[in-house]
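Student: Just so you know, the sequences run in chain order A and B. Here the first sequence is numbered in my numbering, starting from 3 and rising by one per residue. Here the second sequence is numbered in my numbering, starting from 2 and rising by one per residue.
One or more of the hints may lead you astray.
Here are some chain B residues pointing at chain A (derived, C-beta under 8 Å) [said to hold, decoys possible]:
#, residue
1, ALA63
2, LYS253
3, TYR256
4, VAL275
Under the rule of at most 20 Å between Cα atoms (straight-line distance), these lysine to aspartate or glutamate pairs were calculated in the DMTMM-like manner [stated by the list, open to error]:
#, chain 1, residue 1, chain 2, residue 2
5, B, LYS225, A, ASP197
6, A, LYS201, B, GLU250
7, B, LYS225, A, ASP199
Quick look at which bits of chain A chain B covers, simulated, 3 or more residues with Cβ under 8 Å [stated by the list, open to error]:
#, region
8, 181-188
9, 239-250
Calculated directly from the structure, the hints in this document are not laboratory data. Cβ coordinates follow ideal geometry from the N, Cα and C atoms, glycine included.
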Amino acid sequence: MASQKLFGTTPVGAVAVVEPPVSQWYARRARVAFICVSLAAWAVTAVVLSAFVMPLLAVALGLAAGLLLGLVTALVVRVWPVLRALWWWSLEITVVAAVVAGVSLAARVLPSWLLVGVVIVLVAVLVLVGPVRRFLSAWSWCVVDRHRLRLYFAGLARSSGGGRSGLLPLMLWARPTPAGERVWLWLRPGLDLTDLDGKAGRIAVTCWAKQVRVVPASERHAALIRVDIGRRDSLAGRIDSPLALLIPALRNTNTNADVPVSAAVPRIGLNLADMPDPPAPEPRNGRR
Amino acid sequence: MAPILTADNGNGPVDLGPVLSIFDPVHIGLDEYGHAKRVPLIYRNMLIGGEPGSGKSGLLNAVVAHAALSLDCRLVLFDGKRVELGQWRRCADAFVGPSLDQALLVLRKLQMMMDARYDYLEECERRKTIPEDVFRAYLVALDELAYYTATIGKKTDRDEFSMLLRDLVARGRAVGIIVIAATQRPSSDIIPTSLRDLFAWRYAGRCTNDSSSDIVLGHGWAQKGWSANTISPNNPGAGLLISESGSPELIKVAYLDDRTCAAIAAYAADLRAVVRDNMPTGKPVLVAA
C-alpha cells in the first residue's frame with residue numbers, strides 16, 4: 003500500500019491519445035505486418051526481377067524492396083489508432099480549419115471593423131434565425147451521436163474482455179429525425195444485435211438522449227443495424243390525417259365551430275331526466 | 002395500380018386522374034420518431050384493442066376513411082354503438098347496428114360471396130385478387146366486437162357470429178376481404194383464441210395492465226419491455242402496433258374530428274354515387290350525366 007503513488011506514474015499534463023493496451027496490441031500487429039509484408043514483397047519482387055537481372059541481384063533488390071515496403075506497412079499499422087482518431091474527428095477538424103482560414107483570409111482584405119461586423123452578423127444569423135439554428139442543431143447532434151456511440155461501443159468492447167477497439171462498429175450514416183436522430187451501424191465480427199438487448203437505456207444515457215431503440219436495418223445483413231435516438235416526444239400533440247387535404251371543403255377552413263348537428267331528430271331524450279322509467283322485469287319461476 | 006377515374010362521354014374513356022387505392026399503404030399516424038406510419042392492409046387483417054378512450058375508434062376511422070376514398074374498395078360496417086362508424090353509412094354497402102340477426106345475415110352473405118370469389122379464382126387458375134381484378138376488395142370494419150360476440154343475443158347466435166367471422170379472417174384475405182376488428186380487451190371469453198391469433202396486424206392502445214397488453218399484441222411482449230400499460234392515459238391515440246417489422250412500434254394515430262370525418266364521408270359518398278363498375282375492365286367509371 004505504501005508503494006502506491008497518489009496520482010500514479012503518469013506525468014502531469016500527459017494525455018493518452020491511444021490507451022496502453024491498445025498501443026501494445028498495435029505494436030505487436032506492426033511487427034507481424036512488417037515480417038509478413040517484407041517476406042511476401044521480397045519473394046514476389048525477387049521472382050519478377052529474376053526474369054530481367056541476375057538471380058543474386060534480384061534477391062538483393064527484392065530484399066531491399068521487401069524491407070522498405072514492410073517498414074512502410076508497419077509504420078502505418080503502428081500509427082493506425084492515431085490516424086483513425088484523426089478520421090473520426092475529421093469533420094470537426096475540417097470545419098475549424100475552414101472557419102479559421104476564412105476569418106484569416108477575410109482579415110487580409112477587409113478592415114477590422116467590417117470583419118467584426120460580418121462575424122457578428124453571421125453568428126446572429128446562425129443563432130437567431132429559427133430554421134438555420136434548428137438545421138445546425140439537428141446535424142450537430144448527428145455528429146455528437148457518432149462520437150457518443152463510439153464511446154459506448156468502446157466501453158462494451160472493454161467490458162467484454164476484448165481490451166482493444168477492433169470491435170468498434172463502423173458508423174455509416176446519421177441523419178436527423180423529427181424526434182432526434184437515426185444512425186446506421188455496421189457491426190464487426192464478435193458483436194451482434196442480441197449483445198445490445200436490454201442495453202438501450204445505457205446507450206441513451208451515453209448519447210444524452212431520452213430513449214434509444216436498436217433495430218435491424220436490413221433483411222439480408224445481420225451486421226447492419228439502426229439506432230433510433232429520441233430526444234423529443236413527437237407524439238405529444240394531436241396528429242391530423244392527411245386525408246383531410248384531399249377534400250375540397252376542408253382545404254380552406256379549419257374551424258370546429260360548424261360541428262354537424264341534426265335538424266331532423268328532435269332533441270328529446272338526450273338527458274337522463276327525459277327518460278321514462280322502464281317496466282320492471284317479470285320474475286322467472288318465482289326467482290329474480 | 003391505383004384505379005383510374007374514367008369519364009365515359011360516348012367517344013371513349015377520358016382519364017381523370019388517380020384516387021386512393023386500398024392496395025396502397027394506409028396512413029394511420031406517426032411513429033415515435035415523427036415519421037408517417039403507413040401500413041399495407043390488402044391481404045391482411047387488423048385487431049385493435051385498448052381501454053376506453055385509448056384511440057381504438059380513431060384508428061378504425063382512419064382506416065375506414067382511406068377505404069371510403071378508395072374506389073376499388075367497398076365497405077361493410079358493424080358498429081354496436083352506431084355513432085363511431087355511423088358517418089360512413091352512406092359509403093357502405095351494408096351498415097349493421099346493434100342487431101345480431103342482421104349481423105349474422107351480412108356475415109353469411111359475405112361468406113357466400115367469398116366462396117363465389119374463390120370459385121372464380123379457381124376457374125382463372127389464380128391464387129389471389131389483384132388491383133386490376135373484376136371484383137373489388139371489401140373492408141369489413143367491426144367496432145365493439147365484444148358486443149356481437151359476448152353481449153347480445155343467444156349463445157348459439159354469438160357462436161355462429163364468431164365462427165363466420167373466423168372464416169372471413171382465415172380465408173378472406175386472398176379474395177380481398179380485409180377484416181378490421183376493434184374491442185376493448187380481446188380475451189378468450191370475448192373472442193375465441195383461434196380467431197384472435199389469426200390477425201396479422203395488431204394495435205394495442207393504452208391497457209390497464211401488462212396481461213391485457215399481451216392479449217392484444219401476443220404473449221411475451223410485455224416481458225420484453227413492450228407493454229401498452231406504460232402509455233400515458235393523457236395521450237389518447239398513442240399505442241403499440243405490430244406490423245411489417247414483426248416487433249411492436251410506438252405510434253400515434255391520426256385523429257379525424259367529427260367535422261373532418263363528416264366531410265370526408267360526404268365527399269366519398271358523392272364520389273361513389275357517380276361511379277359505376279365498368280364491367281369489361283373492372284375499373285370504376287363516372288356515370289354519364
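Student: Tell me the hint numbers this structure goes against, listed in increasing order.
Tutor: When the structure is compared with the hints, only number 4 turns out to be violated.
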